[in-house]
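Residue numbers (my numbering), protein chains in the order written: chain A, 2 to 318; chain B, 25 to 348; chain C, 33 to 358; chain D, 8 to 307; chain E, 22 to 628.
Derived by calculation from the structure, the hints in this document are not laboratory data. Owing to the predicted nature of the structure, the values given are computational and were not obtained by experimental measurement. Any given hint might turn out to be false.
[What the hints assert, rightly or not] List of simulated lysine-lysine pairs, DSSO-like, C-alpha gap at most 27 angstroms:
id: 1; chain 1: E; residue 1: K183; chain 2: A; residue 2: K44
id: 2; chain 1: E; residue 1: K490; chain 2: D; residue 2: K77
id: 3; chain 1: A; residue 1: K44; chain 2: E; residue 2: K490
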Amino acid sequence: MEMLQYSLRKLLAGIPLILGVTLVSFLLMVYFGPDQTYTLLGKNPTPEQIAEVRAQLGYDQPFVTRYAGYLRELATLDFGSSHSTGEPVSALLGRTAPVSLALVAPGFVLGNVLAILLALLAAHHRSRWPDKAIMGLAVVGMSISFLIVIVAFQIVFSSASGLNMFPVRGWGASSLREYLHFVTVPTLAIVFVSLGYNTRFYRSVIVEEMTRDHVRTARAFGTPPARLMLRNVLANCLIPIVTRIVFSIPLIAISGSLIVESYFGIPGIGKATYDAIMVGDQPVLKAVVGLTAVLFVLAQLFVDILYRAVDPRVSLQ
Amino acid sequence: MSALLEVRDLRKHFPVRGGLLRRVVAQVKAVDGVSFTLEAGRTLGLVGESGCGKSTLGRAILRLQRPTGGQVLLEGRDLATLPPAELIAMRREMQIIFQDPFASLSPRRTVAQIIREPLDVHGIGTPEERARRVLELLDVVGMRAAVQDRYPHEFSGGQRQRIGIARALALNPKLIVADEPVSALDVSVRSQVLNLIAKLQRERGIAFLFISHDLSVVRHVSDQVGVMYLGKLVELAPTHELFTNPRHPYTEALLSAVPVPDPRRKAKRIVLAGDVPSPMNPPPGCPFHTRCPKALPYCSQAVPQPVDVGSPGRPHSVACHLYT
Amino acid sequence: MSAPLLSVRDLVIEFTTEQGVVRAVDGISFDVFPNETVGLVGESGCGKTVTGLSILGLVPRPPGRIAGGRIEFEGRDLVGLDESELRAIRGRDIAMIFQEPMTALNPVFTVGSQMTDVLRRYKGLSRRQARAAAIELLARVGIPAPDRRVDEYPHQLSGGMRQRVVIAMALSCDPKLIVADEPTTALDVTTQAQVLEQLVRLQEEFRMAMILVTHDLGVIAEACDRAMVMYCGRIVEQAPIEELFARPRHPYSAGLLASIPARVDDERRELPVIPGMVPDLLHLPPGCRFADRCGRRLARCDVEQPGLAPAGESRVACFNPVETPR
Amino acid sequence: MNAPAASAVDANGAPAASRRETLWHKALWKLRRDRAGMAGLAVVMLYFLAAIGVWLGWWATGWAEVAGGKWEAPSAAHWFGTNLIGQDIFARSVYSISTAFEVGLVVAVLATLLGGVLGALAGFFAGRFTDELVVWLMGVLDSIPFYLLVAAIAFAMAGNPYAMHVAMISTFWITTARLVRGEVIKLRQLEFVEAAHAIGVPEYTIVFRHILPNTLHILLVQSTITFVAAIKSEVILSFLGLGVKDGMSWGLMIAESTIEVLAGFFGNFLAASLLMFGLVMAFNFLSDALQDALDPRQVS
Amino acid sequence: MQFAARVSLGFTAFLAAVLLAGCGESRTPAGDASAGRKVYRHSMDEAPSSLDPVQAANVYANHVAINVYDTLYSYKYLARPYELKPNLADGWPEISEDLLTYTIRIKPGVHFIDDPAFEGGVGRELTAEDVVYSIKRHFDPATLPQGAWLWQGRVAGLQEWKAAGSDYDQPASGLVALDRYTLRIQLAKPYPQLLDSLAQGYAAVVPREAVERYGAQFAMRPVGSGPFRLVSFDTSRILLERNPKFRQEPVDLEAEGYDPATQGGYGLERIAGRSPPFVDLLEMDFINEPSARWNSFTKGDEVQYTTVPNEQLDRVLASRSPVRLKPEYEERYHSFAAIEAGFIFQVFNLNFPEFGYHPDPGQERRNKALRCAIIKAFDWEARNESFYGGIGEVYPGIIVPVVPEFDPDTPRDSITRDVEGARRLLAEHGWNAQNLPVLTYGTTGSVVMRLMFEQFRAWLKEIGYPTSKVVLRQYATFGDISRAWKQSELPWIAKGWGLDYPDAENTLQLFYGPNGSPGSNDANYRNPEYDRLYEQASVMLASPERTGIYRRMNRMLIDDCVAVTGLSRKRIHLWHRDVIALPDREIVGGFFLKYVDVLDKPAAGGR
């Protein structure tokens, strides 16, 4: 009951956020955004044809009508069909979102798990050389642009100038082998890029926790280090860790990793969205942005509920 | 002597929100109906355990927090309802000294800037006069003029506390609320600061509301002592009277609990059961009845009103059913 | 007298700060005998807490390190033991109680879980036995309804109860020595009294030795057999408790005692004061560290550091100790 | 922990050290002792000189000229070779330093200012309407994926060369504002703010005289972090065709390089990524050192 | 931290396993279902945005449209220059004397594929009504059609049908199904390119039931009668499979225009006498990046066909002219160098008084001199070398080499760089760095476009055009820049044009006055003489006389310094030796896919 009430209240509080996100994105992407008129015109168009196309796309309607239409679509979760392909937006999302998840998930999980391990290692040896080495490498890793990593990995792993072991691009997941074949290089790139940031973040969280009194108490009672790190440090760091992880999920699930997907030519949601921006495919854009906002609100709720699971001090009031 | 400060039935409640629409579902009654008077140039000590509402009381009196109800009359004017513009003018009359010598001084401002700020705000004197006044104040609190260009972090706790006192004195207030001014200080420094406060009061006739959890300190500086428990003033008496003849069971327990720094004088101790209840759900009736060794059945039903159990000229008020 | 349980000799603890290396503890020596309670008293920064931590090897490193001396526990030098050897001693032979009951327990596990963790590790109890033992211990430290409290989280308990839980944990393995660092400072007066009484009672009951680190002379007077007064990283006086309070020999001890308002009977008299401030550990005077503030200063005080020397029943580090008539 | 008092003060209340020490002096002193940080600062200054040189027309003036043939190998004349249309890659990569600084400085300064002011106001009026509005705005902008927002702003501004800057500023201020807001909420409860109230200092004066100066360390560190973020984002945005309009940047060079690398020409890729890596890493080290030096928990 | 070490060790092991798995075998395109089936994999640089024929505006869409649908006519597989042949039409049409009435017979017995849209789920027979319906759709705004310009004003009655509300149940006078298999087209004026228009993807025949049943999703779900049918489609790949109901029409190599002299080495004889399609599964990968496409091709296990990216030309070619592969490529791949049916060119927008028409005739003359000087500054050779691998064909004017009207003897001075001449021209007409107008150069965000701009700006600098006066304006999308072109917002337009049919009329109309913005005449060139000639030629059948008119018009454009033109790109098609094909994407695009065969050998899958 308390939970239900809490969830309802959180969802209610999310409404202004959703309205804000939809309004801003509608203004920017739809109202002032690119339109499809000139991509849908024939080679030798007349002004009448231009007007017809605009009418067909609904561009001639007043702002309020169009925005209200957007909200209605969001409420019914029916965004119609893509302007450029005619594919229903739901089908498009259903097709691309799993790809994005499958693409980013391994890198995301590895990037976080590995970072937590490195952070524990660094924190355990705080101010000594393993810490300095790990943190130094983290800064180096943070200093390399994602773009450079992708290009470099492609040269190293996928080109004739390098190992030539993996495909340059593309996607397939009909078998585990095929999946691994395609996902490995993007995963390595994602891990490489996120590792530095994640490690630093987790280290600072862990180091802060390690200075807490209860850790000293546990040490004074002879708790072995592994148990100390797990029960006293990691278990108490779960709130920032959970927050960081959960809040990255909407971005992955809805907007995917735009750069990875467009560079590796993976038909995920990021690429679909990017393509939609480039041609002004408004139904797709509206769906993606609207759903991202909704997912963010849900993530907030989810995080708060998780907080209570990981920390008994948190109450849902 | 007329009363400088008169507090009547002062209340400060903090709403607790809950439910679907974040409605107010409960009140934390931090201060719940406190009345007393303080005469000019005297010191009222306020003791109580953490969470009893003594700091909130101090802030509500200065209207650093807006009271929920009741009146605060400073020289007859009700601070609780004063409009903001007049309130700012009234702030010349009353000041505060804080507990934490580290947090109470802005780290990015020099000592002179800190001490001069009240003068700047209230537009007192020319810049030269203000500068002179800063030196004067530093001298009063026993610091050398050379320190005025330094920053707070360069000083020790005791010295920062002196700077805080100098700032409080800048406007020549009639009332100073001292909120645990020495509890963060070491023993040897503490007596320096206590002596300074005593000297100021003696020489300048400032009234102090001295808030502390340390009974021995309160005993040392106060003319009158009030004991707070769960937002209520349970006992108020002249210092000597209170310490030698406590009437409220809580006061008795409190006094007996203080460790005596004399191994030969092992006191007989009244050990209280349990802990202080939450101010969000104070027990009905007398707030102390859950822990009171002398509680009667009636205590859980009615809130005891303060009664005077003192002798003429030595008012001793106590809120306990044992005396009604 | 029997052999000392703990024998500290010439202990030096250094901290690296930005301005340089600071000696927080500078060559102190003392003994603790079985079943006695020794007080370690002094103002903040005098090195008392670090001394307590060093016994269990808990001085945070970096920035701190034990730079010299020995800490012999039952004849075995604890300085230089590695982490796993120290772990075997922590909790089992020597237990520690900390100042902040609010934060000393892990907030995400129940009280029972944290207690059974220790019990199972040291006593090899089964989960069920450990739980029963935990409940019993909670009862012994005076927690009402221990079978219910055992499943609660620290934040659901009051400060006093939490401190009792820590005490119960400390007792759980029958240690020979307890180091209690300001165990009552953060508590309210009425609770402080309860906890302190409990601690004294349990110390006798369990026949342990205890080092009580505190700044509160009242606590020392109530609980200790013997006390050591620290100033600026050194022990300036060591005396049986009655002797210390009745006849403080060191000018610092004397000044400290004099400035306690509770010992000044007349309410409104001006308090005696120790003038000046504690010197900066980075810029210590060459001679006696108290010399600057001392009313009994001699010429040699500025050049020579006094060592602890017997004076009556006490030992005092002063060239010109206070003489109080009996 | 009984940490020894940081500074010495003698009996009369005069600090033992005769040198006057502000928090900034202390921070500077700490910064000077941080070797990685100083090295970072030196490298950043070097880059900055290079950027100034470009602005003043001392060097890299020929970045747009066709100075050789298609894809010439590195030589004494062209250190990193030439590109597809025969431009000198080295000159272009040096010119790009000025682009990086231009983008970094504009975005860092404006985003930090915006974040500082809005964060401080929100924090000071926490729980009131101003705060709710700012928090709402932060939530809204945070919920729109960054590259989508940038693309959207680029479109809405119809090819305006500053669309990228606007887009970055409108997202990067949020982190700063969050931090400042959190810090201000903390500061607001400190007694010195209460003291200001007790003296009768007006609210806005309290914000700008007492609270904002105490967040300067956050603003300084954040501005370096924002600077780095801006440079890194610029590269990706330019690569996507949403970034630098006229001129040259490392992102554009990397975009050019994708045509080349599989043909075995690495000039653009190497020049752009090495120069960028150098600057970003130097900035990261500098930023870390600043953070350490300015952290008030360590200073006071 | 032993446990951390253990976990990292485990992770390293996992990573190693992944790496090992990665270097193993590669994928199968359609999973196990493809076992034993003949598969051909094709790469393209872009995905079609829609599979609906009314939106088959580009070569990518046509690649799919004409393979899943049928058109009345199509181009011969092997004949070059391109020649039409009847496809769905049963032979050539009957054409009236006045060239205004075409009567076309349709092959009987052609069925649509089975689809739930049809009664009983079984594809029904395709009739003349379907053709009428399919072309009418271009005059229904609701379908967002893009091909109306092919028939607008030419086929009678369509405009009126549209004005009356685009009701498919109403007749359009010029487009009538006389009976089940006969179609009559009535023209408003002679339209020599009508049959070409009917070979376009736009003219592909769709069944009304499917359009109405699937609505907007029809664009994703083609239901046709072509040689293939759709299995799956997304922006990275389309999968087509053989249409088992496709009519049996054995290949007659000679009729397809087979030339053993030039096409002998491709093994095309193998398909003679057999009925297409020859592969079971046709997979097209859409890969934007040339490098990725190339890699996927050369690794030998993915796509079997590609075009050589420019940056690889030096690696692949032993000689550029004639195109010859290096031996190591020669032994693995077939190749074919095809010149583009279209060109890239730049025009001045003459609506801008700074560059074009001006009320003051003197200023207009100066403007022309300025244009001519800029044309002289343009270095086609360098442009070709940098961006087209040096193998593009540069020629004066706008009659492209693939059309029969092309005249190789046109004087080449308009495409020969002459910096001195340009400067002289500017000086003579009083142009100097101060009074030269700002030239705004619009591009999309693509890095290649930027480099082209920078190259152009560098050339102009050499004739004294200040760098600061050649300004880049970037548009985020192609749609945006199209709008700028169509709304006549840019003085300078650089674009490409792909021929819809092999007739010079298709490029000459780009300068026909009435086609001015927003029409296809982006230059807004208005020359009464030119327009008159255009109108005259546009109703003429191919003849030497018409060729003469075309060439005169071409000359006028060159003399008026309207455009910097032109270059036709050359594409080098490369395909695995086990693939039997002659790839082509120039006219319509993709019509060869129907004839692709893959050799049945163990390495058939390329593995």
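We went through each hint and held it up to the structure:
As the CA atoms of K183 (chain E) and K44 (chain A) are separated by approximately 19 angstroms, the hinted pair is consistent with the 27 angstroms bound. At roughly 26 angstroms between alpha-carbon atoms, K490 (chain E) and K77 (chain D) fall within 27 angstroms of each other, so this suggested pair holds. In summary, the hint linking K44 (chain A) to K490 (chain E) is not supported, as the alpha carbons are separated by about 31 angstroms, beyond the 27 angstroms threshold.
Of the numbered hints given earlier, the model fails hint 3 alone.
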